[in-house]
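Undergrad: One letter stands for each residue in the lines below.
2 protein chains.
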Amino acid sequence: MTAPRFLVLADRDFGPLTSKTANSIIRYLPERTVAVLDSQLVGKTAQDVLGYGGAIPVVGTMRDGLALKPDAVLIGIAPVGGRLPEQWRTWLAEALDAGCDIWSGLHSFLADDPMLVEKARASGARLLDLRKPPADIPVSSGRAKEVDALVVLTVGTDCNVGKMTAQLQLVKELKARGQRTTFVATGQTGIMIEGWGISVDAVVSDFTAGAAEQLVLQGSKDADIVLVEGQGSINHPGYSGVTLSLLHGSCPDALILCHQASRVHVGDYRPGAWVKIPPLTDYIRWYEDIGSAVHPTKVIGISLNTYDLDDAAAKAAIAKAAKETGLPCTDPVRYDSAPLIDAILAARKGLTK
Amino acid sequence: MTAPRFLVLADRDFGPLTSKTANSIIRYLPERTVAVLDSQLVGKTAQDVLGYGGAIPVVGTMRDGLALKPDAVLIGIAPVGGRLPEQWRTWLAEALDAGCDIWSGLHSFLADDPMLVEKARASGARLLDLRKPPADIPVSSGRAKEVDALVVLTVGTDCNVGKMTAQLQLVKELKARGQRTTFVATGQTGIMIEGWGISVDAVVSDFTAGAAEQLVLQGSKDADIVLVEGQGSINHPGYSGVTLSLLHGSCPDALILCHQASRVHVGDYRPGAWVKIPPLTDYIRWYEDIGSAVHPTKVIGISLNTYDLDDAAAKAAIAKAAKETGLPCTDPVRYDSAPLIDAILAARKGLTK
Chain A
11 MTAPRFLVLA
21 DRDFGPLTSK
31 TANSIIRYLP
41 ERTVAVLDSQ
51 LVGKTAQDVL
61 GYGGAIPVVG
71 TMRDGLALKP
81 DAVLIGIAPV
91 GGRLPEQWRT
101 WLAEALDAGC
111 DIWSGLHSFL
121 ADDPMLVEKA
131 RASGARLLDL
141 RKPPADIPVS
151 SGRAKEVDAL
161 VVLTVGTDCN
171 VGKMTAQLQL
181 VKELKARGQR
191 TTFVATGQTG
201 IMIEGWGISV
211 DAVVSDFTAG
221 AAEQLVLQGS
231 KDADIVLVEG
241 QGSINHPGYS
251 GVTLSLLHGS
261 CPDALILCHQ
271 ASRVHVGDYR
281 PGAWVKIPPL
291 TDYIRWYEDI
301 GSAVHPTKVI
311 GISLNTYDLD
321 DAAAKAAIAK
331 AAKETGLPCT
341 DPVRYDSAPL
351 IDAILAARKG
361 LTK
Chain B
11 MTAPRFLVLA
21 DRDFGPLTSK
31 TANSIIRYLP
41 ERTVAVLDSQ
51 LVGKTAQDVL
61 GYGGAIPVVG
71 TMRDGLALKP
81 DAVLIGIAPV
91 GGRLPEQWRT
101 WLAEALDAGC
111 DIWSGLHSFL
121 ADDPMLVEKA
131 RASGARLLDL
141 RKPPADIPVS
151 SGRAKEVDAL
161 VVLTVGTDCN
171 VGKMTAQLQL
181 VKELKARGQR
191 TTFVATGQTG
201 IMIEGWGISV
211 DAVVSDFTAG
221 AAEQLVLQGS
231 KDADIVLVEG
241 QGSINHPGYS
251 GVTLSLLHGS
261 CPDALILCHQ
271 ASRVHVGDYR
281 PGAWVKIPPL
291 TDYIRWYEDI
301 GSAVHPTKVI
311 GISLNTYDLD
321 DAAAKAAIAK
331 AAKETGLPCT
341 DPVRYDSAPL
351 IDAILAARKG
361 LTK
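Just so you know, the protein sequences line up as chains A and B, in that order. Residues in the first sequence are numbered from 11 upward in steps of one, following our numbering. Residues in the second sequence are numbered from 11 upward in steps of one, following our numbering.
Hints may contain errors.
As the list makes no split between identical chains, a pair holds if one copy fits it or if it spans any two.
As the list claims (entries may be wrong) - Calculated cross-link-like contacts (lysine to any residue; reagent style SDA-like; alpha-carbon spacing at most 25 Å): (1) K142 - F119; (2) K142 - A121; (3) K286 - D158; (4) K308 - I294; (5) K286 - L361; (6) K54 - P288; (7) K155 - A132; (8) K308 - P289; (9) K142 - L94; (10) K286 - W296; (11) K142 - D122; (12) K155 - P288; (13) K129 - S118; (14) K308 - E298; (15) K325 - G188; (16) K155 - A145; (17) K142 - P349; (18) K231 - A332; (19) K308 - L290; (20) K308 - P288.
These are calculated hints, taken from the structure and not from any lab test.
Using the sequences provided together with the hints, build the complete structure.
TA: Here it is, written out as structure tokens:
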């Protein structure tokens, strides 16, 4: 992939917990983000809205965004079900007319929309559907257990708690320490950042574990440590099947449990949430018990998302989680990632396959 | 649906554990099965091969099968991954030329094969892809927990142990006892038999639990008891995600654990099986613990598949499973289904939603 500069589309949804894809692009590719489009937050900066991202401006119209000369419009929200809001199609058409590519991680594929396809053909711009899985993914047979690398999967108490972000922080630090480490992207945002991967939640369910298996076999080729991006949660009413496919397909040797300290219900950030998040020790039992039913695995640390707490409350939450679980705990975005890095290196050392 | 008569295609795979779809059609729709095509078993009857199905003949060529005037050729095997063996396409073309419909439960859709589509168009025959999911399945939000009916899901120690068959036996008996009961088909064979349903394993994984939710909402409309066909197993390296989507999407109040007494490994009937089947009590813990993470559920009985054991060994296996688990146990195909029927009626009585 070349390195295009993005206009990030997050209309009426730009915020710390809602515009998940936008936020990760801003966090990991700020130098390639020209602006965010949100008609309700015009004039603010990414820093104002998210607390990071510096001076990246928020614009209110596609015209203002295109004036900043992006190479591509990147769809920065993931609506429930991942389908394209109808009203956005006219904006995308406008961008395509201007010769801008469109990067999308939605379940509904741009390439299935004849109007957009025609616009792209006319201007020579490209439609990139990053969630579209490759053809011919096999059924998993558990072959990922055979790789020599240490495989670490992030698992969560919910969607959108920081499973990808934790791995991106850890891969950076492990590489800085000279460890041959691969980040394996399993969702559209990770693919946008890393340049390869499969959105496992877009794979037909008989083959979802097979997709995870393929990714680990690929990611472990030149690495001693493979960090797999987790998805969903084992008690999420809608997405638990994706979570378990990933747990069994990737055969992780070690798990890092990710949680947002202030979260009360699964899916709290959307209306209608009702499954109460139980103690972290319940999750540890579930993930270890069910994960080990296919390949022995242990939770080796806790990654706590404390973005909405003040420093004292964040530190208290970290100490509480560590005490409750008896495991190393940190917020690897906000504080030192060393407790988790050390746990990974210890697991790598102890690995006998 | 009308009631077509089938030629069942199961070439080189017709047998008690391999040709799963064929076998269920023969068991539940014998009067509509004109023959089975298997070139290696020509001259035998279904009874010879399966131990049931009476005089239904095995033929060795499509011509011999078509001579018996079927209305449709039904694809009676489900290869791993569910894709169509290349060599069968010429047979299907021959059948279409003769005006026969094709019923398929494969993951590869007949309607995506231009040659078959053209043949069908020319003769007026129809291609029925029963595994093709409907469009616009929502993400599950756990709404199935709100239905008034008792929802009973079969769960298994593996694929292909009798999760659909158990429910078909139980629905028959519950209806005979005057209970308003619905069978909810979640796989292609159940759909062929029942006439409606969704193959949940063919649904994109973000929406698989949503498919289960839709089926339970539909199936509970005029019923006091809803029997949901289970899929896969919670420790199956390839299919566990489908299993968990079904467990969380259907919100069962009660579970019936299905096992084949002689099975040693998950997937034993195919090469490469390596996950050893643990004690039934492990499965009970897994299914209750993880199922109840979304909606409270209990295993209320064991359905034991003893088809390959003699009478004494079968009865001993049933007694052993009942003792190990402390739960009612029977082989509802071979023996009286009363222990499971009584457990379901007791659960229905105890249900307070």
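Undergrad: For each hint, tell me whether it holds in the structure or not.
TA: Structure-based check of all given hints:
no.	hint	result
1	K142 - F119	both (7 Å within a copy, 18 Å between copies)
2	K142 - A121	both (10 Å within a copy, 20 Å between copies)
3	K286 - D158	between (38 Å within a copy, 22 Å between copies)
4	K308 - I294	both (8 Å within a copy, 21 Å between copies)
5	K286 - L361	between (35 Å within a copy, 22 Å between copies)
6	K54 - P288	neither (37 Å within a copy, 58 Å between copies)
7	K155 - A132	neither (48 Å within a copy, 50 Å between copies)
8	K308 - P289	both (17 Å within a copy, 21 Å between copies)
9	K142 - L94	both (14 Å within a copy, 22 Å between copies)
10	K286 - W296	both (15 Å within a copy, 20 Å between copies)
11	K142 - D122	both (11 Å within a copy, 18 Å between copies)
12	K155 - P288	between (30 Å within a copy, 19 Å between copies)
13	K129 - S118	within (17 Å within a copy, 31 Å between copies)
14	K308 - E298	both (6 Å within a copy, 21 Å between copies)
15	K325 - G188	neither (29 Å within a copy, 61 Å between copies)
16	K155 - A145	within (23 Å within a copy, 35 Å between copies)
17	K142 - P349	neither (36 Å within a copy, 48 Å between copies)
18	K231 - A332	neither (34 Å within a copy, 48 Å between copies)
19	K308 - L290	both (14 Å within a copy, 23 Å between copies)
20	K308 - P288	both (19 Å within a copy, 19 Å between copies)
Checked against the numbered hints listed earlier, the structure breaks hints 6, 7, 15, 17 and 18; every other hint is satisfied.
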